[in-house]
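Colleague: Here is how the chains run, residue by residue.
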Amino acid sequence: MTALLLALAVQVGSKQFTESVILAEIAVQTLRANGTPAEHRRELGGTRVLWEALRAGQIDIYPEYTGTIAEEMLAGERDLPGALARLGLGMSDPLGFEDNYALGMRRDVAERLGVRVISDLSRLPNIELGFSNEFLRRRDGWPRLREVYRLSQARVRGMDHQLAYRALRSGDIQATDLYSTDAEIRAGDLALLEDDRRAFPRYQAVFLFRAPLPAPAARALARLAGAISAPEMIAMNARALIDRVPEAQVASDFLREKLGLDRPVASAGLAARIAQRTAEHLFLVAVSLAAAIAFSLPLGILAFRWRRLGQVALGVAGVVQTIPSLALLVFMIPLLGIGAGPAIVALFLYSLLPIMRGTHAGLSGIAPELRESAHALGLPERAVLARVELPLASRSILSGIKTAAVIDVGAATLGALIGAGGYGQPILTGIRLADTGLILEGAVPAALLALAVQALFDLLERALVPRGLLLA
Amino acid sequence: MGQPTFETIGAVKRYDDAFALGPLDLSVPSGSTTALIGPSGAGKSTLLRLLNGLVWPDAGEVRFRGRALSRAELPAIRRQIGYVVQGGGLFPHLDALGNVALVARWLRWDEQRIEARAAELAHIARLPPDALRRFPSQLSGGQAQRVSLMRALMLDPEVLLLDEPLGALDPMTRFELQQDLRDVFARLRKTVVLVTHDLAEAAFLSDRAVLMRAGRIVQQGAVEELIRAPVDPFVTSFVRAQRRAP
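Just so you know, the protein sequences line up as chains F and H, in that order.
Numbers 8 to 479, taken from the numbering used here, label the letters of the first sequence in order.
Numbers -7 to 238, taken from the numbering used here, label the letters of the second sequence in order.
Please keep in mind that the hints were generated in silico from the structure rather than gathered at the bench.
Computed from a prediction, not measured in an experiment: that's the story for all the values here.
All residues carry an ideal CB built from backbone N, CA and C; glycine is no exception.
Among the hints, a few may not be true.
[To be verified] Chain F side only, calculated, beta carbon under 8 Å to chain H, not exhaustive:
hint, residue
1, P331
2, S332
3, E376
4, L377
5, E379
6, L384
7, P387
8, R389
9, V395
10, P398
11, L399
12, L478
Please build the complete structure, drawing on both the sequences and the hints.
Modeller: This is the structure we're talking about:
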């Protein structure tokens, strides 16, 4: 029943940054308050992932910015709603605030230098600028800014966004790029320079959805039109990022104050959270491992019987093994979308080599006179395999499966990147919020699970490997 | 004597390098005990393994009870030919009884019949009954060899092939097992072909001998005949070399 409800629920996706998570949470809670079951697929990744997932129907709604749509997804389209409609998509009314690129300075420095708008910077060729690497590179970032405002500063450095804030506060740089709803702005010590010549595209926050949205859901989203101002968004970002309030709580508080929606957030306790993630994680590992055993055990046997085939199969599995797990996961998205499915396929591929190799090595290691004895007794091929070869190879096969299982437990944490859940989820969120506690909430159980898997296989070895082999 | 149990007719086995076995023309009379003897590398084991199809001839044919071996029938035929591989070849994952009963269990004999047959064989092979529950790594060399013999005899085959059955045993055990083997052969009246490089052992255990050298049969017949009427100087020198040994 629950599974059915979940399948029917409107799927709301979010990107891997705090504002997107909060907006998705606001959408989910608003939908639920209006009687539409909704589920939040958190932190699925970047723009590309969300856009593809929306088009593939794996999510129904996600928060996006008009500028991003115009610049990245539908570059060159003048009529955004029309272009979206042709793709079977729709765009909500703007939510109210804009999350634009902006330049920021320390308030006291700006006042001393007499800077209020970006044009004022053209008078100060000697100040030092520090920009995020993405801003430096993007067509609509620094290149356009320099052109529109004819800026001539020679001292321009690329750096990490968070480091840029620190450099700004310590006076190493005088101005940096920021987003107009950055949590850091709440502190009040930063001055935003007005984009007086409109160099930056406008990034109005909207919801993208698959059209047509069911009427109740559309009505619910309509309540959010123009509902969130820039200061409100800054405050919410700051509560989540700086005060470490869970996004669901931030969204719920906002909706209560602003729209009078009073829906207490059911915040699961630590034990319940870990239990759920353990279930998700075990599901990923168990399904992928079972499939890998069913597939690569016979393949390992074939590889042993036919050497040519064996070399090819082991070679292919070896190549798969060298693909970085992150790349493999991302590679899965266009083929299989997001969620547990592609993560399981990726883990399955990773498990092939250890199991195949364990099987192959176990069979190859059997002394020729034993194999000859088995045949000379008059056992047919299948019986030789089942009663002599596989039992003799059992230790090696089991150790291959054990290796695969331990690899899977580790690699499954990356599944969270494509919405598969598991222990990777708190790790991912923890990294985004720079919250060590949250990272440990995922990392510690993952490490414990790896140890448990080791121990389980040691027990299995005692149970499954014939006693006579353990004596030697 | 009737039909010979085994015949090889112009059987040839070639290996990658220059070495080739045969052409071999051999006849093993039913009910006889035949020893394949000769220096190491003469091809004794290969000839033995031609008889149960573990080695397949490149030319010529091998007949079992008058019919050429066919690959499709091999498993069924092998169940009528007991085989003791060099070194015993016991499966380390099975205890002694598991080794002895492997094929019987696969043939779905009931457990009572298996236990009765194993007890009978333990008696014949003079294996202490409690050794049946031990794993190969827990058996002495002589015991392992007895278990291997029991395994070969389990289905009561008409024929027994043994490859150096007394190969790696210490002299005491070897002597003891020699006696027991002879008793078993005499008692069970099976057609036996065994490989040994020891003329005295061949004389002790068998009534016929086949002397091989460099992949060819030099002489076959009764053991005394080899000593009394050697067909060429190699037979003479082989016999003399063996005599010098204690």
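Colleague: Going through the earlier hints one by one, which of them does the structure break, listed in rising order?
Modeller: Checked against the structure, the hints that fail are numbers 1, 2 and 8, while the rest are satisfied.
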